[in-house]
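For the sequence shown, position 86 (counting from the first letter as 1) is numbered 86 according to full-length UniProt numbering, and the numbering increases by one without interruption.
It is worth saying that the hints were derived from the structure and are not from the lab. Just so it is clear, CB atoms sit at the ideal spot from N, CA and C, and this is done for glycine as well. Check each hint, because a few of them may be wrong.
Claimed, not checked - Quick list of the computed label-pair ranges, beta carbon to beta carbon:
id, residue 1, residue 2, range
1, Gln249, Gly49, 52 to 62 Å
2, Arg18, Pro205, 37 to 47 Å
3, Thr44, Thr22, 17 to 27 Å
4, Pro253, Leu48, 45 to 55 Å
5, Trp223, Lys31, 15 to 25 Å
6, Asp195, Cys73, 22 to 32 Å
7, Lys213, Pro172, 17 to 27 Å
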Amino acid sequence: MMKLSRSAGPLSPGLSKRQLATLLERIPEWKNHFPELSFSATYTAKQLGLPRCNFQTLVDFQRYEECQLHALCMKMYQKLWELNSVEEFMEVFIDCLECHYHAYTTGKALHRDLSENNLMFKRREERPCGILNDWDLTSLLDHAGEVPVSNARHRTGTLPFMAFDLLEKPPPPHLYRHDLESFFYILVWAAIHYDFKKKCRRNTPRELKLWNKAADDVRAEKWSFLTDVVARDQIFAYIRKEFHGLRDQWLLPLSDLFYHGHISSNMNRRSPIPGYDNATLGGLITFDTFMAAIRRTPRKFPSTIARAP
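Full structure from sequences and hints, please.
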């Protein structure tokens, strides 16, 4: 399968085939949860000979951001809605969530573009195996364990799954907790759209279509969803019956988790709290708190790996 994507600004070119191999050397036990990449390349507008390159002398040209084209060729995987049951979906989701965590803490790479299309699966001996796909907008962390400044303030992601904070103008540096919030939105999206019996993705209800409008509008909708229980329940009313167990076990606890996190962030903005950790919203949004909310014990933690937020 060939995937083409575009990014704006002086972004890193994502993970090349060589860099992906290096990442897998750091976390070999998670190899089966990464895509099998056979080719990767990044091209600038100049390299592609695009007509816009002939207009760089125009006065207004400087206000346009330089873009890059990313090309990836990889093995074809299956969509999440092609799973057989909610139970299979939950296991595939955990595969991807934990793979993402280890890629960040041990592999020193932050995905930054999580969406329903980037969580996929393959079958190994009849068991579905989660694949965390599309690493083309990934940022390798610097020596301080952060996204490099050159990449940090360029918005990446897919609007319906983008963290609330990243919808600001200009967006803040992309943090690990932003990807955790994207995982939450993927769960909401799946519970409303996926029909495992018919192996299809249902139409998007009107309220959720508002999550794919202009960034300012999406930001307002997500703030309501995160902090207003009435707005949240209007969305949750569309959850399919077979996902009601997941709603009660995962979505409601996660909704509370992100509510408390964002309320604490809002309070800190109004009146700065001494020692407040914005990277975790006061310690409320971490891998451990996410897993605790869904009552899952992390798997496959080698004793030599230091735990991180």
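Here is how each hint holds up against the structure:
At roughly 53 Å, the beta-carbon separation of glutamine 249 and glycine 49 lies within the given 52 to 62 Å, and the hint holds. Judged by the Cβ atoms, the range 37 to 47 Å given for arginine 18 and proline 205 holds: they are separated by roughly 43 Å. Under the hint 17 to 27 Å, the C-beta atoms of threonine 44 and threonine 22, about 24 Å apart, fit the expected range. Distance hint check for proline 253 and leucine 48: the Cβ-Cβ separation is about 47 Å, which falls inside the suggested range of 45 to 55 Å.
For the pair tryptophan 223 and lysine 31, the supplied restraint of 15 to 25 Å is violated, since their beta-carbon distance comes to about 39 Å. In this structure the supplied range 22 to 32 Å holds for aspartate 195 paired with cysteine 73, their Cβ-Cβ distance being about 30 Å. Between lysine 213 and proline 172 the CB atoms are about 21 Å apart, so this pair conforms to the stated range of 17 to 27 Å.
Violated hint: 5 only; the structure is consistent with all others.
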